[in-house]
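Number of protein chains: 2
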Amino acid sequence: MALLSVLTPVLAVVLCLVIGFILLGSRETKTTSTSTGKTEGASKADFRPWVDQDLQDDTEITAKEDEDGDWADSNEDEDLLHVPYSPPRYPEETMLARSKDLYTLMNQRRSVRFISPEPFPQEVIDNVIRTAGTAPSGAHTEPWTFVVVSDPETKHQIRRIVEEEEEVNYRQRMGDKWVHDLAKLKTNWIKEYLDVAPYLVLVFKQTYGILPNGKKRTHYYNEISVSISCGLLLAALQNVGLVTVTTTPLNCGPQLRLLLKRPANEKLLILLPVGYPASDATVPDLKRKPLDDIMVHI
Amino acid sequence: MALLSVLTPVLAVVLCLVIGFILLGSRETKTTSTSTGKTEGASKADFRPWVDQDLQDDTEITAKEDEDGDWADSNEDEDLLHVPYSPPRYPEETMLARSKDLYTLMNQRRSVRFISPEPFPQEVIDNVIRTAGTAPSGAHTEPWTFVVVSDPETKHQIRRIVEEEEEVNYRQRMGDKWVHDLAKLKTNWIKEYLDVAPYLVLVFKQTYGILPNGKKRTHYYNEISVSISCGLLLAALQNVGLVTVTTTPLNCGPQLRLLLKRPANEKLLILLPVGYPASDATVPDLKRKPLDDIMVHI
Chain G
1 MALLSVLTPV LAVVLCLVIG FILLGSRETK TTSTSTGKTE GASKADFRPW
51 VDQDLQDDTE ITAKEDEDGD WADSNEDEDL LHVPYSPPRY PEETMLARSK
101 DLYTLMNQRR SVRFISPEPF PQEVIDNVIR TAGTAPSGAH TEPWTFVVVS
151 DPETKHQIRR IVEEEEEVNY RQRMGDKWVH DLAKLKTNWI KEYLDVAPYL
201 VLVFKQTYGI LPNGKKRTHY YNEISVSISC GLLLAALQNV GLVTVTTTPL
251 NCGPQLRLLL KRPANEKLLI LLPVGYPASD ATVPDLKRKP LDDIMVHI
Chain U
1 MALLSVLTPV LAVVLCLVIG FILLGSRETK TTSTSTGKTE GASKADFRPW
51 VDQDLQDDTE ITAKEDEDGD WADSNEDEDL LHVPYSPPRY PEETMLARSK
101 DLYTLMNQRR SVRFISPEPF PQEVIDNVIR TAGTAPSGAH TEPWTFVVVS
151 DPETKHQIRR IVEEEEEVNY RQRMGDKWVH DLAKLKTNWI KEYLDVAPYL
201 VLVFKQTYGI LPNGKKRTHY YNEISVSISC GLLLAALQNV GLVTVTTTPL
251 NCGPQLRLLL KRPANEKLLI LLPVGYPASD ATVPDLKRKP LDDIMVHI
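Residue numbers (UniProt numbering), protein chains in the order written: chain G, 1 to 298; chain U, 1 to 298.
No lab work stands behind these hints: they were computed from the structure.
All of these numbers come straight from a predicted model, not from anything done at the bench.
Glycine included, every Cβ here is placed at the ideal spot set by N, Cα and C.
Just to be clear, a hint being listed does not mean it is correct.
[Said to hold, decoys possible] Residues on chain G that point at chain U, a partial pick, calculated with CB under 10 Å:
# : residue
1 : Val83
2 : Tyr90
3 : Gln108
4 : Phe114
5 : Thr154
6 : His156
7 : Ile210
8 : Asp280
9 : Leu286
[Stated by the list, open to error] Simulated restraints, written as ranges between beta carbons of each label pair:
#  : chain 1 : residue 1 : chain 2 : residue 2 : range
10 : U       : Glu153    : G       : Lys216    : 20 to 30 Å
11 : U       : Glu164    : G       : Asn107    : 14 to 24 Å
12 : G       : Leu211    : U       : Glu123    : 45 to 55 Å
13 : U       : Lys261    : G       : Pro152    : 46 to 56 Å
14 : G       : Lys216    : U       : Ser279    : 40 to 50 Å
15 : U       : Asp293    : G       : Asn107    : 32 to 42 Å
16 : U       : Ser279    : G       : Asp195    : 23 to 33 Å
17 : U       : Glu92     : G       : Asp151    : 20 to 30 Å
[What the hints assert, rightly or not] Dumping the calculated BS3-like pairs for lysine-lysine here, alpha-carbon to alpha-carbon at most 25 Å:
#  : chain 1 : residue 1 : chain 2 : residue 2
18 : U       : Lys287    : G       : Lys287
19 : U       : Lys100    : G       : Lys100
20 : G       : Lys289    : U       : Lys261
21 : G       : Lys215    : U       : Lys287
22 : G       : Lys287    : G       : Lys215
23 : G       : Lys261    : U       : Lys289
24 : G       : Lys287    : U       : Lys215
25 : G       : Lys289    : U       : Lys215
26 : U       : Lys289    : G       : Lys216
27 : U       : Lys287    : G       : Lys216
Next comes chain G alone, as it looks inside the complex (with noise of 0.2 Å):
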């Protein structure tokens, strides 16, 4: 009995410590399927035999293994007639000469902050998004939606919520950094551009779209798709001679989607300024990588 009241402690101990593992332990759980398990795509990717920890972006957790990563190869293809293709066929001369006029004419592309007012014909605008809207999309989803604004009410309104959101970015910048010269800062979050383009377009995302039966469908890839079609569309803008600059305002997507009132299932990627390019608009003298650093050849 001496003993057993010695020992009670002890096994209280014990009980108590081995309760505590257990909580530890099932809290553990809870906490790596909750971290890497951000969507359902996550979890499911723990049947897999080998996952990849490397790639671990949002694209890849989304990718649900009902999504395969050949764009075209989609479901809905399954059902799809196929049709004989054959695009037009170059000579090799015509081919070398077209490779390198289209390089020339892109690499004089640049990123253009002074835009003239001046305007232009609207069917320019609508054949720029019609060629960004030729980009290969995830499973064909197409999840792009381009805003252009030209109304000087809605462009002003715009200014104002990027403005105000770039000057909080700026003055946290600052931090400690007081002595710096606040008026050479100041241009910095004025965006005059933003009123005096005669068109601003509004690239936005769709996350996901809403199948017929009402439910959600994840559109995958979605930010890589749109930004391909971004890609076209700076490359179209280039080929017809107007400029822009290629801007991601960091916070105002959600007050921008609603002034441009877009559903919830579209987030802003990129806000674009087009315009011809102002008779004083200057452009830092940055130079390009050369082809050998950008380029491995095996």
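Go by the hints and put chain U onto chain G.
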């Protein structure tokens, strides 16, 4: 003494509970900071008076306050000379004609899985990659590496890696659909074009760079930037009459990165087989959304 001996187990239990709660508490804190603080950026974002809950994707989370959303407004620019910029300007009718011509050309582009083994000049690929390299990028980091593979053995190893993972994907997708025609499914994970296409272009995004002092420098918006450059790449291929299919091989990134000896900061974004279309190439009879479905004018 007897009372003490009775109390001892109770005290031991209380002590254990206290220690247990302290342990759980600290673990909770750690868990929270790990799951939300995926990068330094997220915790810094907490300082902000207004945090964009709607845009908590990978891009926003990694965007720190030393990066604004205006890609060419980077800190580096401040020290750069600004030079006048006056690109070619076209009359309105020329703009209209050019915008229409490019749209017509790009609208002929399709994702093609049937690629001819016929060779074409390497210089064409060089110019296509040069064109892709003219894309804008966050803070002008140019965070892309284009690995061009023409070596048959390397192409075959790429095919082996991709098909192995695809087969796992498809077999899992089968699930309880055992009765489904296996032979039909098999065609989905066989990627003959990876052997046949004269060139494979593997596009890597550089998630960070290495500064002269050896420290890492995060490449903000690297996925958007590299995807935009892929848009230019697709335009450049279409412009010379070559075809490709945009693929994002699921879970193959790390194996392909090792095979191609790319450094740890590079992650595979897109794999493009490139060549002339096979003479009997077919494509699914897909339609694109009309302008009214992708554009909103305000």
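Hints, verified against the model:
1. For G/Val83, the interface hint holds, the least distance from its beta-carbon to any beta-carbon of chain U being 5 Å, beneath 10 Å.
2. The beta carbon of G/Tyr90 comes within 5 Å of a beta carbon in chain U, closer than 10 Å, and the hint placing it at the interface holds.
3. The interface hint given for G/Gln108 holds, since its Cβ lies 6 Å from the closest Cβ of chain U, which is under the 10 Å cut-off.
4. Satisfaction of the interface hint for G/Phe114 is found here, the shortest Cβ-Cβ separation to chain U being roughly 8 Å, below the 10 Å cut-off.
5. Given hint, G/Thr154 at the interface with chain U, holds; its Cβ is 5 Å from that chain's nearest Cβ, closer than 10 Å.
6. A distance limit of 10 Å between C-beta atoms decides the matter here; for G/His156 the minimum to chain U is near 12 Å, and the interface restraint is violated.
7. With a cut of 10 Å, the hint placing G/Ile210 at the interface with chain U is violated, because the nearest CB-to-CB distance is about 14 Å.
8. Taken as an interface hint, G/Asp280 checks out: its beta carbon lies about 8 Å from the nearest beta carbon of chain U, inside 10 Å.
9. Annotation: G/Leu286 was flagged as interfacial toward chain U, and the flag holds, the nearest CB pair being 6 Å apart, inside 10 Å.
10. Taken as a hint, the range 20 to 30 Å is violated for the pair U/Glu153 and G/Lys216, whose Cβ atoms sit roughly 44 Å apart.
11. About 40 Å separates the C-beta atoms of U/Glu164 and G/Asn107, a value inconsistent with the hinted range of 14 to 24 Å.
12. Remark: the range hint 45 to 55 Å for G/Leu211 to U/Glu123 is upheld by a beta-carbon distance near 47 Å.
13. For the pair U/Lys261 and G/Pro152, the supplied restraint of 46 to 56 Å holds, since their beta-carbon distance comes to about 54 Å.
14. Distance hint for G/Lys216 and U/Ser279: a CB-CB separation of about 42 Å, consistent with the stated range 40 to 50 Å.
15. Distance hint check: the CB atoms of U/Asp293 and G/Asn107 are about 33 Å apart, consistent with the given range 32 to 42 Å.
16. Between U/Ser279 and G/Asp195 the C-beta distance comes to about 54 Å, which lies outside the given range of 23 to 33 Å.
17. The hinted range of 20 to 30 Å is satisfied by U/Glu92 and G/Asp151, whose Cβ atoms lie roughly 22 Å apart.
18. Under the criterion of a C-alpha separation no larger than 25 Å, the hint pairing U/Lys287 with G/Lys287 is inconsistent with the structure, at around 40 Å.
19. About 21 Å separates the Cα atoms of U/Lys100 and G/Lys100, which keeps this hinted pair within 25 Å; it holds.
20. Distance restraint check for G/Lys289 and U/Lys261: the Cα-Cα separation of roughly 21 Å lies within the 25 Å cut-off, and the hinted pair is therefore satisfied.
21. Among the hinted pairs, G/Lys215 with U/Lys287 is consistent with the structure: their alpha-carbon atoms are about 23 Å apart, no more than 25 Å.
22. Only pairs whose Cα atoms come within 25 Å are accepted, and G/Lys287 paired with G/Lys215 is rejected, the gap being roughly 48 Å.
23. Of the supplied pair hints, the one linking G/Lys261 and U/Lys289 holds, its CA atoms being roughly 21 Å apart against a limit of 25 Å.
24. Distance check on the hinted pair: G/Lys287 and U/Lys215 sit about 23 Å apart at the alpha-carbon level, within 25 Å; holds.
25. Of the pairs offered as hints, the one joining G/Lys289 and U/Lys215 holds, with about 21 Å between alpha carbons and a cut-off of 25 Å not exceeded.
26. At most 25 Å may separate the alpha-carbon atoms for a hinted pair to count; U/Lys289 and G/Lys216 meet this at roughly 19 Å.
27. The hinted pair formed by U/Lys287 and G/Lys216 meets the criterion: a straight-line CA distance of about 22 Å does not exceed 25 Å.
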